[in-house]
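S.K.: Chain by chain, the residues:
Protein chains: 2
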Amino acid sequence: MFESNKAVWLEKAEACKPALHTETVRPVCGMPEHALRENASIVLDFGNHFVGRLTLRLRSEGSHPDAPAWLQFKFCENKRELNETLDGYKGWISKGWVQQEQAHVDVLPTVLVLPRRYAFRYVRIDVLALSNKYSLVVEDAYADATTSADDSLVKPLQGEAWENSIDRVARRTLRSCMQDVFEDGPKRDRRMWLGDLRLQALANSVTYRSFDLVKRCLYLFAYASNAEGRIPACLFTEPRVEGDDTYMFDYSLFFIPTLLNYGQASGDTETMRDLLPLALHQLTLAEERFDADTQLIRDSNQLGWCFVDWNLELNKQCSAHAIWLYCAQAALKMSEDSTLKALVETRKNAMLSNWYDSDRHLFVSGGDGQISWASQVWAVLAGAVTGEDARACLDAAAACPNALGMVTPYMMHHYVEALCLVGRRQQARQVIRNYWGAMVNSGADTFWELFNPADPDESPYGSPIVNSYCHAWSCTPTWFLRSGILQNKQPDHELT
Amino acid sequence: MFESNKAVWLEKAEACKPALHTETVRPVCGMPEHALRENASIVLDFGNHFVGRLTLRLRSEGSHPDAPAWLQFKFCENKRELNETLDGYKGWISKGWVQQEQAHVDVLPTVLVLPRRYAFRYVRIDVLALSNKYSLVVEDAYADATTSADDSLVKPLQGEAWENSIDRVARRTLRSCMQDVFEDGPKRDRRMWLGDLRLQALANSVTYRSFDLVKRCLYLFAYASNAEGRIPACLFTEPRVEGDDTYMFDYSLFFIPTLLNYGQASGDTETMRDLLPLALHQLTLAEERFDADTQLIRDSNQLGWCFVDWNLELNKQCSAHAIWLYCAQAALKMSEDSTLKALVETRKNAMLSNWYDSDRHLFVSGGDGQISWASQVWAVLAGAVTGEDARACLDAAAACPNALGMVTPYMMHHYVEALCLVGRRQQARQVIRNYWGAMVNSGADTFWELFNPADPDESPYGSPIVNSYCHAWSCTPTWFLRSGILQNKQPDHELT
Chain R
7 MFESNKAVWL
17 EKAEACKPAL
27 HTETVRPVCG
37 MPEHALRENA
47 SIVLDFGNHF
57 VGRLTLRLRS
67 EGSHPDAPAW
77 LQFKFCENKR
87 ELNETLDGYK
97 GWISKGWVQQ
107 EQAHVDVLPT
117 VLVLPRRYAF
127 RYVRIDVLAL
137 SNKYSLVVED
147 AYADATTSAD
157 DSLVKPLQGE
167 AWENSIDRVA
177 RRTLRSCMQD
187 VFEDGPKRDR
197 RMWLGDLRLQ
207 ALANSVTYRS
217 FDLVKRCLYL
227 FAYASNAEGR
237 IPACLFTEPR
247 VEGDDTYMFD
257 YSLFFIPTLL
267 NYGQASGDTE
277 TMRDLLPLAL
287 HQLTLAEERF
297 DADTQLIRDS
307 NQLGWCFVDW
317 NLELNKQCSA
327 HAIWLYCAQA
337 ALKMSEDSTL
347 KALVETRKNA
357 MLSNWYDSDR
367 HLFVSGGDGQ
377 ISWASQVWAV
387 LAGAVTGEDA
397 RACLDAAAAC
407 PNALGMVTPY
417 MMHHYVEALC
427 LVGRRQQARQ
437 VIRNYWGAMV
447 NSGADTFWEL
457 FNPADPDESP
467 YGSPIVNSYC
477 HAWSCTPTWF
487 LRSGILQNKQ
497 PDHELT
Chain P
7 MFESNKAVWL
17 EKAEACKPAL
27 HTETVRPVCG
37 MPEHALRENA
47 SIVLDFGNHF
57 VGRLTLRLRS
67 EGSHPDAPAW
77 LQFKFCENKR
87 ELNETLDGYK
97 GWISKGWVQQ
107 EQAHVDVLPT
117 VLVLPRRYAF
127 RYVRIDVLAL
137 SNKYSLVVED
147 AYADATTSAD
157 DSLVKPLQGE
167 AWENSIDRVA
177 RRTLRSCMQD
187 VFEDGPKRDR
197 RMWLGDLRLQ
207 ALANSVTYRS
217 FDLVKRCLYL
227 FAYASNAEGR
237 IPACLFTEPR
247 VEGDDTYMFD
257 YSLFFIPTLL
267 NYGQASGDTE
277 TMRDLLPLAL
287 HQLTLAEERF
297 DADTQLIRDS
307 NQLGWCFVDW
317 NLELNKQCSA
327 HAIWLYCAQA
337 ALKMSEDSTL
347 KALVETRKNA
357 MLSNWYDSDR
367 HLFVSGGDGQ
377 ISWASQVWAV
387 LAGAVTGEDA
397 RACLDAAAAC
407 PNALGMVTPY
417 MMHHYVEALC
427 LVGRRQQARQ
437 VIRNYWGAMV
447 NSGADTFWEL
457 FNPADPDESP
467 YGSPIVNSYC
477 HAWSCTPTWF
487 LRSGILQNKQ
497 PDHELT
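From first to last, the protein sequence lines stand for chains R and P.
Heads up: the first sequence runs through residues 7 to 502, numbered per my numbering.
Heads up: the second sequence runs through residues 7 to 502, numbered per my numbering.
Everything labelled a hint here was simulated from the structure, so no lab data went into it.
None of the values given here were measured: they were computed from a predicted structure.
Please note that a few of the clues may not be correct.
Each pair may be met inside one copy or between any two copies, as identical chains are not told apart.
Derived DMTMM-like pairs (lysine to aspartate or glutamate); straight-line CA-CA distance at most 25 Å [as the list claims (entries may be wrong)]:
no., residue 1, residue 2
1, K23, D156
2, K96, E107
3, K139, D251
4, K23, D280
5, K347, E9
Hey, can you work out the whole structure from these sequences and the hints?
M.R.: In structure tokens form, the structure reads like this:
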């Protein structure tokens, strides 16, 4: 489907390809004052998070080098990575993501340009081998750092100190992820995911306002839709644009609110009209998941069928149903459709009558009736409960110690959004201050993919060494702080 | 000294810089028939020893790669290197010499060109990381192999089968070492040593006859002589020509016979004349080592003051004295000098009267009167003993089980040369057949730096992983087999 549109869609995407701004940055500390011997180890600190390539100007001291210099590099976003090693790695995503290299230098002096792009604040350099006859002088080290974000377009936030700090780190996160596309994380996976794009586009709309980049990404996802018109969860741009063969219920549907938000923020109604049929088509495709009799989404055992949060214990039936409602209502804002409108009401009611425990004010999910924060948050965002009921639902979750928790800033974003929606703006501010603020207090230059205040070693991948510490979906505090959503006086279901 | 000549010497050296012939070679076996998964390990066998750069054409199979491919490469001259690792390396030369690399491939398909030059027959590739979603296809692998030797100029040897085999491996050794200069070993040290150059030039004179390359190397050593006119043991050509700060008594003096051999083989008397003053100056500098009263060279505890052989137990006083005699007599062939001639006789006699045990027909060396093969071989080559006495000397060494042995093909060369000199040509053939033939029988494609038939793990560097298996000083069987020296009927002190 949509095959006849694809050449034009790709063309439109490429026409919006941004220029990358390159900035040459040098370490603020860590440059060695003395020549290095074999087994020396230094840590260059670039003072902030950057995405780019490293160049070293090296020379020898002592006799003419009579053996190659053998160096190891570790690029670290977070100080903790400096001492992590791959020894005994048992994680289940590729250890190829660990930003670690080795290089032999045959001739000194030299200008050593490492060819790959890295995401880092710190660079650890270990001298694996020299010879006894010479030592190594690092005369200069610099990174050519790139981003397509233009800092000059963003006014500093005039808030409280903690707000300004969080805003700064949030913008830095978004900035480092803004390259040719909105990447999910410049360390890993270095590609565009729809779930991340939706939140990045919100943050972008109140900061860098690079609407062309959002437009480009929407067209890339449109181009990457498969033969049945399904939008993949993520896509690759190298060696050419290609959708991943990973499809997730929620991510495909999020094309709808992403398109809506883009159109509203940019005023580009032409793109909205152009891509609307594809957006609506995601709802059509989603129908296969619903039971025609109950009008409830069917549960699934398929790993990753719907993302919601990085919690393998989470039952996603209720959240997925609510996400459908959320996206269907976004669709209605772009396109009046009485049938869809009726279906939304039917499915809200089905959700309430089957999964809502009105005594406890809690939604349950799956055959075992699991109570989770995700279910409550998405029920509120979907408008399945509103006003006092919605506030009661969030309060009930807070009062339920067994409610399965939230593990990602991505899920926390939706929680904060739900708090705003029900008028709990002070609480929303407090959550931002506590949760994202704790990362800032831990020295974060950018916000992390994962943050569980109770378990700093938590990783969804079996080992923290592959965690990303600059992750798109964590950048939304700048949207909360700048969009006015925290200042609105009344509960509002029209906010996003 | 000689500073005013240096610009011209360097010019002459650079004018003789050879063109490198590049040949594209592919593995004869080891190319994987199936796509590789994480942890796969393959060994490409290029069928012979080559020096060059490796290119791989890689693509993925399965889903679009969602993580970098992380590869490790080991370039091996000898099969035994395939499974050697640097774990716990305790050798005393740099482990930077081990031909091992890592590379991350971000985008597939790709043409991966490893930028460094390696010496190898085998390339082991370990897939350190992929992801579960794709596997790696090695579509093509080839090396751009270089040498400045021209095989088309060399006629095959029409000898016995064992002679032809040894000749082939010897020529391959020389060929791989012939690059911009005569290197000692293309794996390690990748630079020119005078002791190696002297033997390479001999082998070259009966094979590739690249006399311009010898001329170039002589001028490079001349250019690299230090402020007092001393020729260094080795020199570097990158980033510019520079002598090492290592000086060895024997290697400096070997400039003399190298120049003589070059002039005789090439007929280039102009170069001989041009460099003769510098050559003779090495004798002047050597005087500092001699005791004016005894006319004996003084012993030294300085490590590496004179090379002779890779044997740390060897006392080198007697050999060094004999090497001076050997080089002084080469000088006399280029330049009549009655004073020098008389000094040679004086020092021959001093050697005989102080270190020669005429009853046992053995030379002793050092304060402890050490008996070594090296002392006997060099005494014979120096003409300190001749004819029956010389034969008796070599026989006595063979009959002396405590005589300190020879460990390098370099020292073995001098033994074979001594046998030829005393007319023991059949025995010389047998030594070549036994010693170099044993390397061929062990699968050698090129001759090794070190070969102790009694101890295959022997290394002068504390670990065999840094040994070189294509080493210039081991290439001389082709000279013995092709020069006619093994066929001469009479003992001859004029052979080299």
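S.K.: For the identical chains here, do K23 and D280 meet the 25 Å Cα criterion within one copy, between copies, both, or neither?
M.R.: For K23 and D280, the Cα distance is within 25 Å only inside one copy (19 Å; across copies 65 Å).
S.K.: Within a copy, between copies, both or neither: where do K23 and D156 come within 25 Å Cα-Cα?
M.R.: within (14 Å within a copy, 52 Å between copies)
S.K.: Since the copies are identical, ignore which copy is meant and state whether K347 and E9 lie within 25 Å (CA to CA) inside a copy, between copies, both or neither.
M.R.: Neither. Shortest intra-copy (29 Å) and inter-copy (95 Å) distances fail the 25 Å Cα cut-off.
S.K.: Could you figure out if K96 and E107 sit no more than 25 Å apart (CA to CA) within one copy, between two copies, both or neither?
M.R.: Cα proximity of K96 and E107: in one copy and across copies (20 Å, 23 Å).
S.K.: My question is about K139 and D251: at a cut-off of 25 Å on alpha-carbon distance, are they close within one copy, between copies, both, or neither?
M.R.: So K139 and D251 pass the 25 Å test across copies only (10 Å; inside, 54 Å).
Hint 5 from the earlier list is the only one contradicted by this structure; the remaining hints agree with it.
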